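Going line by line, the protein sequences match chains A and B.
Heads up: the first sequence at position 242 corresponds to 333 in our numbering, and the numbers run straight through without jumps.
Heads up: the second sequence at position 298 corresponds to 389 in our numbering, and the numbers run straight through without jumps.
The set of hints was computed from the structure by calculation and includes no laboratory data.
All values reported here derive from a predicted model rather than from experimental measurement.
Any given hint might turn out to be false.
Note that the list lumps identical chains together, so a pair holds whenever it fits in one copy or between two copies.
To be verified - Listed below are the simulated DSS-like cross-link pairs for lysine-lysine, each with C-alpha atoms no more than 25 Å apart in a straight line:
| id | residue 1 | residue 2 |
| --- | --- | --- |
| 1 | Lys338 | Lys312 |
| 2 | Lys132 | Lys370 |
| 3 | Lys312 | Lys153 |
| 4 | Lys512 | Lys495 |
| 5 | Lys449 | Lys126 |
| 6 | Lys147 | Lys488 |
| 7 | Lys126 | Lys437 |
| 8 | Lys370 | Lys263 |
| 9 | Lys338 | Lys437 |
| 10 | Lys497 | Lys132 |
| 11 | Lys438 | Lys207 |
| 12 | Lys126 | Lys438 |
| 13 | Lys312 | Lys132 |
| 14 | Lys328 | Lys438 |
| 15 | Lys264 | Lys279 |
| 16 | Lys460 | Lys263 |
Spelled out, the chains give:
There are 2 protein chains.
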Amino acid sequence: MAKQEVRSYRGMRDFLPEQMRRRDYVFRVLEEVFKNHGFEKIETPAIELWEVLSGKYGEEEKLIYKFSDRKGREVGLRYDLTVPLARVVAQHRGEIVFPFKRYQMERVWRADRPQKGRYREFYQCDVDIVGTASMLADAEVITVIYEALIRLNFDNFVIRINNRKLITALHKKIGEGSELEIARAMDKLDKKGKEGVREELTSRGISRNGAETVLAAMEVKDLEEARKFYGDHQGIKELEELFSYIKEYGIPEKYYEYDPSLARGLDYYTGPIFETVVKEPRIGSITGGGRYDRLIGIFSGTEIPATGTSLGVERIIAVMEELGMFPEEIEPPAHVLICHFPETRKKAMAMASEFRRKGIRADIYSGEKGLRAQLGYASDRKIPFVIIVGEEIKEGKLVIKNLKEKTQETLPVEEAILRIKIFTQNGNK
Amino acid sequence: MAKQEVRSYRGMRDFLPEQMRRRDYVFRVLEEVFKNHGFEKIETPAIELWEVLSGKYGEEEKLIYKFSDRKGREVGLRYDLTVPLARVVAQHRGEIVFPFKRYQMERVWRADRPQKGRYREFYQCDVDIVGTASMLADAEVITVIYEALIRLNFDNFVIRINNRKLITALHKKIGEGSELEIARAMDKLDKKGKEGVREELTSRGISRNGAETVLAAMEVKDLEEARKFYGDHQGIKELEELFSYIKEYGIPEKYYEYDPSLARGLDYYTGPIFETVVKEPRIGSITGGGRYDRLIGIFSGTEIPATGTSLGVERIIAVMEELGMFPEEIEPPAHVLICHFPETRKKAMAMASEFRRKGIRADIYSGEKGLRAQLGYASDRKIPFVIIVGEEIKEGKLVIKNLKEKTQETLPVEEAILRIKIFTQNGNK
Numbered sequence: 092m093a094k095q096e097v098r099s100y101r102g103m104r105d106f107l108p109e110q111m112r113r114r115d116y117v118f119r120v121l122e123e124v125f126k127n128h129g130f131e132k133i134e135t136p137a138i139e140l141w142e143v144l145s146g147k148y149g150e151e152e153k154l155i156y157k158f159s160d161r162k163g164r165e166v167g168l169r170y171d172l173t174v175p176l177a178r179v180v181a182q183h184r185g186e187i188v189f190p191f192k193r194y195q196m197e198r199v200w201r202a203d204r205p206q207k208g209r210y211r212e213f214y215q216c217d218v219d220i221v222g223t224a225s226m227l228a229d230a231e232v233i234t235v236i237y238e239a240l241i242r243l244n245f246d247n248f249v250i251r252i253n254n255r256k257l258i259t260a261l262h263k264k265i266g267e268g269s270e271l272e273i274a275r276a277m278d279k280l281d282k283k284g285k286e287g288v289r290e291e292l293t294s295r296g297i298s299r300n301g302a303e304t305v306l307a308a309m310e311v312k313d314l315e316e317a318r319k320f321y322g323d324h325q326g327i328k329e330l331e332e333l334f335s336y337i338k339e340y341g342i343p344e345k346y347y348e349y350d351p352s353l354a355r356g357l358d359y360y361t362g363p364i365f366e367t368v369v370k371e372p373r374i375g376s377i378t379g380g381g382r383y384d385r386l387i388g389i390f391s392g393t394e395i396p397a398t399g400t401s402l403g404v405e406r407i408i409a410v411m412e413e414l415g416m417f418p419e420e421i422e423p424p425a426h427v428l429i430c431h432f433p434e435t436r437k438k439a440m441a442m443a444s445e446f447r448r449k450g451i452r453a454d455i456y457s458g459e460k461g462l463r464a465q466l467g468y469a470s471d472r473k474i475p476f477v478i479i480v481g482e483e484i485k486e487g488k489l490v491i492k493n494l495k496e497k498t499q500e501t502l503p504v505e506e507a508i509l510r511i512k513i514f515t516q517n518g519n520k
Numbered sequence: 092m093a094k095q096e097v098r099s100y101r102g103m104r105d106f107l108p109e110q111m112r113r114r115d116y117v118f119r120v121l122e123e124v125f126k127n128h129g130f131e132k133i134e135t136p137a138i139e140l141w142e143v144l145s146g147k148y149g150e151e152e153k154l155i156y157k158f159s160d161r162k163g164r165e166v167g168l169r170y171d172l173t174v175p176l177a178r179v180v181a182q183h184r185g186e187i188v189f190p191f192k193r194y195q196m197e198r199v200w201r202a203d204r205p206q207k208g209r210y211r212e213f214y215q216c217d218v219d220i221v222g223t224a225s226m227l228a229d230a231e232v233i234t235v236i237y238e239a240l241i242r243l244n245f246d247n248f249v250i251r252i253n254n255r256k257l258i259t260a261l262h263k264k265i266g267e268g269s270e271l272e273i274a275r276a277m278d279k280l281d282k283k284g285k286e287g288v289r290e291e292l293t294s295r296g297i298s299r300n301g302a303e304t305v306l307a308a309m310e311v312k313d314l315e316e317a318r319k320f321y322g323d324h325q326g327i328k329e330l331e332e333l334f335s336y337i338k339e340y341g342i343p344e345k346y347y348e349y350d351p352s353l354a355r356g357l358d359y360y361t362g363p364i365f366e367t368v369v370k371e372p373r374i375g376s377i378t379g380g381g382r383y384d385r386l387i388g389i390f391s392g393t394e395i396p397a398t399g400t401s402l403g404v405e406r407i408i409a410v411m412e413e414l415g416m417f418p419e420e421i422e423p424p425a426h427v428l429i430c431h432f433p434e435t436r437k438k439a440m441a442m443a444s445e446f447r448r449k450g451i452r453a454d455i456y457s458g459e460k461g462l463r464a465q466l467g468y469a470s471d472r473k474i475p476f477v478i479i480v481g482e483e484i485k486e487g488k489l490v491i492k493n494l495k496e497k498t499q500e501t502l503p504v505e506e507a508i509l510r511i512k513i514f515t516q517n518g519n520k
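Hey, can you work out the whole structure from these sequences and the hints?
Here it is, written out as structure tokens:
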């Protein structure tokens, strides 16, 4: 047979079983948290009509995989989950109950140059509440972030919170440049410090005085001081309300803070904005979001308030890998491997059925190699128990091996089943 | 705001929460069965290089969404999950433990003309064992089909089994036409009856005698008779072994049968073939598969035996919808909605946290409308319980409404929690 050299398309990944289990663990924990808060899942197509995608991503539009179908219809692979959400809300408005609490965990595609940690295909995980302007919704989203990270065993994180309305106010105060220019300059703080922000502002033609005002605004200590700086502004009132709700939800204070330097330099935010940073490793934010009251309505012809967050699930997985945060055995590929000899093969199959009926994940070796190969297979797949169906089966007995503890016993069938059943119930799902 | 008319791309679907829950129910049950048998999940990219896809699908190649990326690299959206599996086995051979028991439940895309029940984007669900020629593997795959359908509450189904080697033998016997032509003619039986098969064969230039032999082969009653028809043929020996294993696995006889008329007219099968039909509604097969020892190796330069099945998950869902086979309440979007008045809003949030901590899926109304709107929201979303945080909370009490039974009580917080907790544990996950 001629060998054809093959590989996957650059920037896209295969997920083999071991990695897949870790990824699924993260997805399952997140999903459990979302459901626990009354959010519901939706899915949308990978392909959207070009007119849905075009004009929504500014400069980044060139990163959309765009092509024509056989009839010449222009289409593109979805770039994020927010524009599809806006389309869904417009197209299915009559079928949706508002406030619409939805989550979506799906792939998106970017025709980008692949680099370490930057892929052309990756999962996004978005949680949004559409159809209410209440700060209750923003507080609910922040609670979900907190719960999700805690359940994944993150501890060293802070959810930074600000209000885009205060950046609008700041822009008005200094009367120079554009709001977006100021927001983007503020975003430089993390990487380039104060000097970087000052340079960015002056390079945009903002005066020295203006720049100093922005820097002063970024050094405001708490909401009380912010109230002095901005006066009785709507942005302050919203944050006060939001923080009082977060407190009621019982999030410990060390996990969130008012951060006057947070800007999130995208043009669609209209209210509270929030992102989560971990202190170690330095990887940037692992969640990002905020209120965006004017985006969801673009296809509906009416303004529809919305707030939400992306959980950077690929970054979260990367951090968890780096810090070894996965539980030691998330879920073995099977609890037990049933091994057999030619003369006990049929009996082994009956045993496999028996174990499975008892709720035990029982693999049976599907090849016809000898015991040595079968044991190797169990150990390569990290299956914790092995059952050998040998001649003892005539007396109703099985050999049971615990591969981790390297023990071996001969037990009656029922007892062997019980032994493994207990193991599975001891948190070793 | 100007309204932009939008819709999704034809032939692709949005899945809104209610439908999504039913789909997820099916996916979860299937996944549970696969895991219970020691199969492991993998995922592969949506986009494959064109050289991986081309030349694999015959005439159907034109149904692949094909395009070029910005660098002019020709790629396509994956058309099925089998060719990607072959690529994965070649590309990651050193990382895979064989026999490789893998399942994959992902979308595939077809640039087809959309029709009722035929989509341009749909899920495939494949279960395969790669790397062993043993009939143990085929029996294991058939057991998975049986278990999966039983767990989904199917009863009126039969898994038909034949061996492609017997069609090779039949072809040899009559010495006319090609094996594939004979197989495809046999496939006409379901839709066009014997006459249809005869016509198809003679139109392919097969003699009257030859056609009668094929028809006689299709009327063989059981394996014993088949042994007389074909003699001590390898195809017969495999089926005898396979049936003896299926019996050991404990599958009741009414759910499977030797069907000499089953042909599965694809060119890559090399051994046992199997498909499942339901008697009602007439929808064709809901699973299809078999042994294909020469396909997986195409990229590896060596023959790698494999067997497996597709579960037609979209058809399975369609049948379940049509026959009303979903459990009445699969999983409500939340167990309880927490309702509030402006003066009890904060207390309501603390309550929501309390309920959630106890493992209850508690939604809190995220808007600021009155109680009437909040109750409407609960009933529209089919949330079974409502908790009203009213002035009784001063005495530590809550109003609890059971929306289905239309009852209302005022209970201490702990008792209200217990009431809902009991409901969730009564099979109402």
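| Between copies, within a copy, both or neither: which fits Lys512 and Lys495 at Cα up to 25 Å? | within (16 Å within a copy, 38 Å between copies)
| said: With identical chains, the pair Lys370 and Lys263 could be close in the same copy or across copies; at 25 Å between alpha carbons, which is it: within, between, both, or neither? | reply: Result: close neither inside a copy nor across copies, 34 Å intra and 72 Å inter.
| query | From the Cα coordinates, with 25 Å as the cut-off, is the pair Lys264 and Lys279 best called within, between, both, or neither? | reply | Classified as within; 21 Å inside a copy, 79 Å across copies.
| When no copy is named, should Lys312 and Lys132 be tagged within, between, both, or neither for a Cα gap of at most 25 Å? | So Lys312 and Lys132 fail the 25 Å test inside a copy (39 Å) and across (49 Å) alike.
| query | How do Lys328 and Lys438 come out at 25 Å by Cα distance, when the copy is not named: within, between, both, or neither? | reply | between (72 Å within a copy, 20 Å between copies)
| task | Go through the copies and call it for Lys460 and Lys263: within, between, both or neither, with a Cα cutoff of 25 Å. | result | neither (77 Å within a copy, 33 Å between copies)
| message | Reference check for the pair Lys338 and Lys312, CA-CA at most 25 Å: within, between, both, or neither? | response | Within. Shortest intra-copy distance 19 Å satisfies the 25 Å Cα cut-off; inter-copy 74 Å does not.
| field | Intra- versus inter-subunit Cα pairing at 25 Å for Lys449 with Lys126 | value | between (29 Å within a copy, 14 Å between copies)
| How would you label the pair Lys132, Lys370 (within, between, both, or neither) given a Cα cut-off of 25 Å? | This pair counts as neither: shortest intra-copy Cα distance 31 Å, inter-copy 33 Å.
| request: If the cutoff is 25 Å on CA atoms, where do Lys126 and Lys438 land: within, between, both or neither? Let me know, please. | output: For Lys126 and Lys438, the Cα distance is within 25 Å only across copies (22 Å; inside one copy 43 Å).
| said: My question is about Lys438 and Lys207: at a cut-off of 25 Å on alpha-carbon distance, are they close within one copy, between copies, both, or neither? | reply: For Lys438 and Lys207, neither the intra-copy (51 Å) nor the inter-copy (47 Å) Cα distance is at most 25 Å.
| task | State whether the alpha carbon distance between Lys497 and Lys132 is at most 25 Å within one copy, between copies, both, or neither. | result | neither (44 Å within a copy, 28 Å between copies)
In the structure shown, a violation is registered for the earlier hints numbered 2, 3, 6, 8, 10, 11, 13, 16, in ascending order.
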